[in-house]
Structures are given as C-alpha cells and as structure tokens.
Amino acid sequence: MDKQLDLLQGTLDMLILKAVSLGPLHGYGILLRIQQISKDRLGIQQGSLYPALYRLEHQGWITSEWGESDNKRKAKYYRLTAAGRRRLQSETEKWNRMADVIAGILRTTPEEV
Amino acid sequence: MTLWSRVRFWCAEILRRSRIESEMDAELRFHIEAYAEDLVRRGVPRQEALRRSRLEFGGIEQTKEICRDAVRVNWIENSAQDLRYGLRVLRKNPGFTAVAVLTLALGIGANTAIFSIMNATLFRPLPYPNANEIVVVWGTQSGVGANRFSAPNFLDVKDQNIVFESVGAFGLVDFSTFTGLGRPEHVQGGSATADFFRVLGVEPALGRTFLPEEERLGRDHVVVLGNNVWHQRFGADPNIVGQTIHLDSEPYIVVGVLPPQFQFSISDYYRPRDLWIPLVLPRSESQRGNNYLNVIARLKLRTALRSAQADVDTIAARLAAEYPKVIPGFGMKLAPLHEQIVGEMRAFLWILFGAVAFVLLIACTNVANLQLARASARQKEIVLRRALGAGRGRIVRQLVTESVLLALIGAVLGVILGAVGIKLFAGLKPVGALHGAVVTIDSTVFGFPLILSLLTGILFGLAPAFQSTSIGLGESLKQAGRTSASAASGRHLRKLLAVSEVALSMVLLIGAGLLVRSFVKLLDVKPGFDTRNILTFPIELPKYSYPDSARQSVFYARAMEAVRGLPGVTAVGAINDLPLTGDSDADGFSIEGSSPPDATNLPSAQDRLVTPDYFRAMGIPLVAGRAFTEADRIGAPPVVLINQSLARHLFADKDPIGQRLKFGPPTSSTSWKTIVGVVGDVRHFGLNIQPSIEIYGPYQQDSLPYNPLNYMNFVVRADGDPSGLANAIVRQIEDLDKELPLPAARTMEAVYASSISARRFNTLLLGLFAGLALTLATVGIYGVISYSVARQTHDIGVRRALGAGHMEILQLILREGLGLALIGVLIGLGGAFVTTRVLSAMLYEVAATDAPTFLGMGLILLLVALLATYVPARRAVTVDPMVALRYE
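Chain order of the listed sequences is U and B.
The first sequence lines up with residues 2 to 114 when you count with the numbering used here.
The second sequence lines up with residues 42 to 929 when you count with the numbering used here.
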C-alpha cells in the first residue's frame, strides 16, 4: 500500500458530498466509502468527519434520517439534497478547472515561458 | 417578537438542543462500535478493538464541541450555562461577592449621580423649541466686558439687523405688593417686550403673551402670570384670563398664564420671575447711555453664530461712530443661551466627573485584583476544564461573564445609591445653575450605568481571565497541585494594579486636600462683623403708600423703636445693602483739595445707607470719630462715615476726620460731606473677596447720589439665640402696617453660611469622593498584601525554620507593601502636580501645587498603606513554622 496522503484543506466536504451522492450512508459508511473509492490512498482523521457532516447538514446540502444498519442497528443516514447536488457539481467543476490550471503551471518547461 | 412567541422560540431551542445532544451521542457511539466490530472481524480481540477504535477516533468531547459549534447551538447554550455557573460561583463566595459588588456599587453609584446632574444641566437641551438658535446679546463698551443695553441701542439693533428672526428685551420690576387672594405679597416681576416670548418660543398654558402694541404707555397694564403664582395665589383658576389683579395697587389685566416648564433664568445674573408685564421702551436719545436692558435673540434659520456676530459688529461700529461721546467703543457680543446658563457649572461638573471616574477606576482595579487572587485559587478548576476540551476563548468568556454579572449586580445597587445621592445633592441646593433643571434618573441616565457596568465588567474581567488562561496546558497541570509558586506575571499584574490604585487616590486626595485647606482658610477669615446673635429681615415699602423718603424714614424709625422694645433685643439697625447678599451700589467720588477737577478718573466707592445703630447691632467697630445719630438728618450738616480701607488708601497718614468728600467730580453740583468717623472693614462681597473702599451715609439725609429708602435690611442683635424673636418681630411690623408683606427673618449666621454654601458643597463632595478612593485603595493594598502573605506562607515557614526572627519577617512584608505604596504615591504626586491646576479657580489663598497639602496627603496615604500592610504582616509573623512548612 502506498503511503497515505493527507487531505487537502477544504476537500473533505467535497468528498463527503460525492460519497453520499452515490446513495444514503451513515457516518462510518461514508468513511469506508471514501477509503474504498480512494483505494486507501487518503488518510482521514475519523473525528474530523462529524463536524464536517454537521456543518454540511446545517448548510442544507445534506439531510439525515435515522434508519437501520446492515447489522440491524440504529444508525443515522445522510443523503444529498437538491442544493447539495448543485453544490457538488459546481465544486467539481471548480476543482477540475483549478487542477488543470495548477497542472498546466507545473508542466511548464523553461522554453515555454 | 411577542413574549409568547419568544417563549415558544426558547422552548423549541431547548428541545432542539437536547435532541441534538442525544443524537450526537448515539451517532458517535455507533461509529466507534461499527469500527470496533470491523476490527473484531479482522481478528482483533473485542476489548482491544474498542480501545483502538476510540483512540483512532480522537477526542470525542472535542469533536462534540466542534459539532455543536457547527450547528450553532453553542452560543445561547453557553451564555445560559455561563450565567448559571457564574451565579453559582458568586453565591458560593459570599464574602468575595459582597466586597466586589459593594465596591462596584459605590463606583457606579457615584458616577450615576454625577452623570444625572450633568445630563440635567449640560446635555439636556433647554426647554425651548430649537433652543440652540437662541443667543444672549451683550453690549460691550471700552473697559466694560458684558453690559446691558440702552433702549435706543436695543431698538436700533432690532431695526437694523438682518440675522435675527426675532430679538427681545427684558428687565426686572419688583413689586412691593401683589394682591391676589389673601395677604399682600412681595413678587419678583419681569418686564419683557412681546418678542421676548417669541424668541423663547413659549406657548402659554392659558391666554396669550404680549402684543407689540402693549409695549406702549397706556396699553401696558397687562400681566402674564407664571405657572407657580397662578397655582399658589389663584388656585389654578381656569378663568383667570381677563381678570384684574393689583400690583403696587395699580390694576393689571391678566392676559395669559405661562406653562409649568417655563422658568427663564440665567445663573448669577437673572433669577426666575413670578410674573411678567410689558416692557415699555422710550425712543428718546437722552436714554442712549442708560444701559439697563437684557437682550436675547433667535437666529434666523441656518444662520451661523459667526455670521450673526459679524452683522451685529457692523451695526455696533456704526452706532459707536455716530455717538462717540455717549457710547465710546460700543460693541456687541453674542453668546449661546445654553452657554450662559450652564457657564460656571460646567467646569465644576467636569471636575466632579473626573473625580468619580477615578473612583470607578479604583473600584475596577480592586475588583480586578480580587478576581486575579481568586483566579489563581481557581487555577485547578480552569486547568481541568481546559483538559476536558474547553477552548481558551470559552474559559475567558466564562470568566468575563462572571465579571459582567458582578458588575450588573453592582450597577443595580449603584443606581439605588446614585438616586439617594441625587436626593442629597438636590437637598444641599448647591449652585445657581441648577435652577429649573430637574435632576432625575431617566432612560438616558439609566443607560449610562448599564453601559458602564458592562464596560467595567469586561475591563476588570478580561485581564484576570487572560492572565489565568495564558499558561500552557502542560505547565499549568504541573502547577495545579501547588499554590506556593504562582505565575510571576500574575503577581506583577496585581502589583501594578495596586500601584495604580494608590496613584489615582493620591490625585483625588490632594485635590480634596487643597479644597479643604482653602475652606479652612476661608472659615478663618473675619467677615468684619460679629455673626452671632443677629436676626435680619428685609422690609420693602410700596411706593404708593410711602412715596417719599420722609415717609419711608418715619416708618423705619417707628419699626426700629418697636423692635427695640422687645425683650432680649440689645440693638437694632438697618442698611440697604446687607453684606454677603450680593446687593451693592457704587459711585465715583472726589476728596476736597486732593482730587483733580476733571471727572474722567474718579475713585469709585461702595456706598450704603445705614441707620445710626447699624454698626453697634452688627458689631462693626468704630475705629475713629463718631457714628451717626438721629440728628444727622436733612437740614443738618451733611456727614458720611468711611471704612478703614478708604482711610488707608486715600488719606494714608493724614487724619480723615473733618475732611470733606463729594460724589462726582469736585465741580459737580452736589454738596461736600464731612467725614465724621472711620469704621472697620467688612467683607461685603464674600469671605474670599478683599474689602473694597466704602462710604456710609445716614439714612435720613439723602447724602448719597442714590437714596433708595424703599428697601432696607433690618439687623437685630439679641443677648442670646435670636431665632425666637422672629415671630414677635413679625407681629410688631404687622401692627405698624397691615398691608405690608410679612418679613422673612433669618439669622446672620444663616446669611454667612449661605454665602459659602457653594464652596462648602464642592469641598464636601470632592472630599467624599477622595475618602471613597482612599477606602477602596486601602482595601486594595490590604488585599494584595494578604494574598502575597498567604502565598508566601511556605517560604515564611522555611525562613522561620532557618532561624529568621519576627522582626525580619515583619520587615520583609512591610517592605513589600510600603514599596508598592511609595511608588503609587510618587506617581500620584506627579499626576496631581499636573492636574490640580484645574481647581485653581476654586481655591482660596492656596496654590494648586501647595507643598504642605502634597506632602501631608502623601504621608497620610503612606500611613494608611502601612496599616493595611501591617495587619496581614502580623498574621505572617504569628504563623507556626511547622504548619507553614506543611501548608500547600
């Protein structure tokens, strides 16, 4: 396994939105989903997940309801709202543009300047 | 938001909060258990799995706290929590709470009282519409600063100016008798042009004010009643308008009644009037130099004071050029009415305000010190809370909430104290400028202590709060168990606070000391007469029944005879201008053979009319020659008495007896008067004012330029306490003339006391504040040293065990306390040296930098500091070394 990368500042929100966009998940499930999609290349401090969830819910991008987990336990499930979906889209576009620009800059060779 | 919806909102908030709490618990528990189960599935033993799961999750409580912040339940929750907790803490420390609240209440109370007075006098606008447009117009003439106006000058200004919306003149008319319902009474009337009321924008309560045509003779027998007179003399009769009343037995028709809030007065210059009659202005050139009118004007809309001044300057210059002989160098000066009314009061109030601000600062310092002492005792609690996940800001907020709570409780108590203070202040009837200003605690005044207490709470709470949370977590955990070694910075802060307290109270003490010293010097001043056992009362004879001085003097002679016959009376005299009452007349005079014949530069003397026994009754010594007798009357050779100052200044070593003087230049038509005696000097204008040169004339001789015998002050000397005589005297006067208003008698001691009442008041008040400051500073020093001793108990024990004697320990502690006090005193002396000059105008024969006062007060403060240090020092000495060593 490669060494885990630390999460970039401000990207956790985006990852959470992406994770729940694929279907309702409880907090622990979100953590697992992100680790699974990233093939364990990202390290997430478990405790930092919840403040982010509460913040996103407070902003109205995700919503929560209590349901039953796979092993028949009560768990709180998060799902994306319509506003959250728009947010994820715009965040994704912004991120892609930013990544292009940064990558372009980093690719630049001395002759191109 | 209505009350009900607010309650519903709060209920919903509380429900929401408890739901969020339980959900958060369940959610985090689920996470940790789910992860643990995954670990168990991977083969980790259950116990170990749970432990690892918790560990990897991180601080659960911190996470919760951040979550709460994220959904904003914290703010309200925390405030409520802080408040509850704060109240509990305060309740559990009743001693601390009582001292802190009382200290703050004193500081805030003093500030509230002084601020209310400032609000009522300086800040609140005058009770006239657009009062800032109203100006007082002064005439100036070469050599005379602020003067009244003559009728022709006033009329010219009124006609020629382009800056006044209206301009009115007013004057005084005293009526000896005023017949309404019941006995005739003396009334103080005002005379005013129709525009006077227009300038002030007065809306009468009944009827109207004057019409312009009522300013002419024949139409002028109309009167506007003041609201008080209307109530007191006419029982607030709603049909008063149109009725006829008699003033000095002449009929006047009532045309209006003024509203209750109308109380026009200018301190030391124009007292409130009972009623008003029209002012009739003769447009006669012979009156050009006769200045007797007061003038006020309302500026036109959007006219600046400066441009108005420029306009009247032009008019004044034109008039001065036109009449160079009559009104040489005539000018005009505009002054805002508000400025005129608050004038002298302003400086004194600001001084008082500075004083109470100092007191409040000292109070804050004290409470900050108390908080600091407590904060170090609470170090353990604070460290524990931080370890459990409370952020530094959270703890600072908790501590500041406590302080603000303290301050608010202090403010409530302070407002009560302030209200009592204002009652006392009003009861002392201090300064003229309070005339008509109603000092109350209104919403403005109430807001003041509120804001003040919030500010002070934050001020004295913030420093200790930051102080006690500034130590790093690890370090403070290490320290928490011990009390002997507290943070050095905390100690320094406490010392700094103690030093500044001492310095602030030093400044106040010196200020008060200077005033007390002036006052004592003033009390030592001999007024020139014997104040004991004298009763005095004024008699005013109406012109219609006593039209000439012959009839007037007959009445006085009979009245004196009647009073002299009363048992216990040893002498009876009368004078027109009683000393220490502010009444006076002055004229230029020349001395036979020594004054140059030209009139321009005559010496001016105070001149008064007296009865023969006046000097004996007052106890004024006859220094040379003889006093007047009843034989000094019209037809007899004209005679005068002079005072010692006149004899000294103008006769030097010559004997004045037998010399002659006359009023006016030597060439004037008046007669030469022979000086028959010299009497002692009297401080006529006040104890603090040097006697002027004075000439006395006998009341029956018409020897002065102006002999107004219609008004005399009787002085009755008794062989004991004179106040019992008052009733008998009133009966005697009543027997002589049933139509006269009843005289109001008072003792000469009361006259003397009221002449220095303003000074007494200032001294008392500043003294009170300085005493307050001294007490608070003493408590402050005591607190710092006690705390320091308690902290050093262990050290002291070690020293004692190593053989240190009582004296050494005592010295150690005293040195610390006195060292602090000395630094404070030195800073305070420096501060006082710079600041006490604001008091200069209030001092009498004491310099603002009076060395004895500075040194004496410094010494007093050091002694008090010594005492405050000695008590805890004694305690330190008596500590058992074994107990001290074990002391933690």
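No wet-lab data here; the hints were simulated from the structure.
Owing to the predicted nature of the structure, the values given are computational and were not obtained by experimental measurement.
Each hint should be verified, as a subset may be incorrect.
[Unchecked claim] Not the full set, but computed from the structure, chain U residues with beta-carbon under 8 angstroms of chain B:
#, residue
1, 108
2, 110
3, 111
[Said to hold, decoys possible] Simulated crosslink set (DSS-like; lysine-lysine; CA at most 30 angstroms straight-line):
#, chain 1, residue 1, chain 2, residue 2
4, B, 536, B, 105
5, B, 366, B, 199
6, U, 77, U, 40
7, B, 374, U, 19
8, B, 584, B, 779
9, B, 133, B, 779
10, U, 95, U, 19
11, B, 584, B, 421
12, U, 75, B, 105
13, B, 105, U, 40
14, B, 199, B, 374
15, B, 105, U, 77
16, B, 421, U, 73
17, U, 40, U, 73
18, B, 133, B, 584
Note that the Cβ used here is the ideal one computed from N, Cα and C, for glycine as well.
How the hints compare with the structure:
1. 108: Violated, because the Cβ-Cβ distance from residue 108(U) to chain B comes to roughly 38 angstroms (cut-off 8 angstroms).
2. 110: Since chain B brings no Cβ nearer than about 44 angstroms to residue 110(U), farther than 8 angstroms, the hint is violated.
3. 111: 45 angstroms, violated
4. 536(B) to 105(B): Outside the cut-off at roughly 41 angstroms; violated.
5. 366(B) to 199(B): 22 angstroms, holds
6. 77(U) to 40(U): 25 angstroms, holds
7. 374(B) to 19(U): 81 angstroms, violated
8. 584(B) to 779(B): 15 angstroms, holds
9. 133(B) to 779(B): Since the Cα atoms of residue 133(B) and residue 779(B) sit roughly 73 angstroms apart, the hinted pair is violated (cutoff 30 angstroms).
10. 95(U) to 19(U): 14 angstroms, holds
11. 584(B) to 421(B): 88 angstroms, violated
12. 75(U) to 105(B): 19 angstroms, holds
13. 105(B) to 40(U): 29 angstroms, holds
14. 199(B) to 374(B): Distance of about 15 angstroms is within 30 angstroms: holds.
15. 105(B) to 77(U): 16 angstroms, holds
16. 421(B) to 73(U): It is violated: about 45 angstroms lies between the C-alpha atoms, which goes past 30 angstroms.
17. 40(U) to 73(U): 27 angstroms, holds
18. 133(B) to 584(B): 77 angstroms, violated
Violation of the numbered hints given earlier is confined to hints 1, 2, 3, 4, 7, 9, 11, 16 and 18; the remaining hints are satisfied by the structure.
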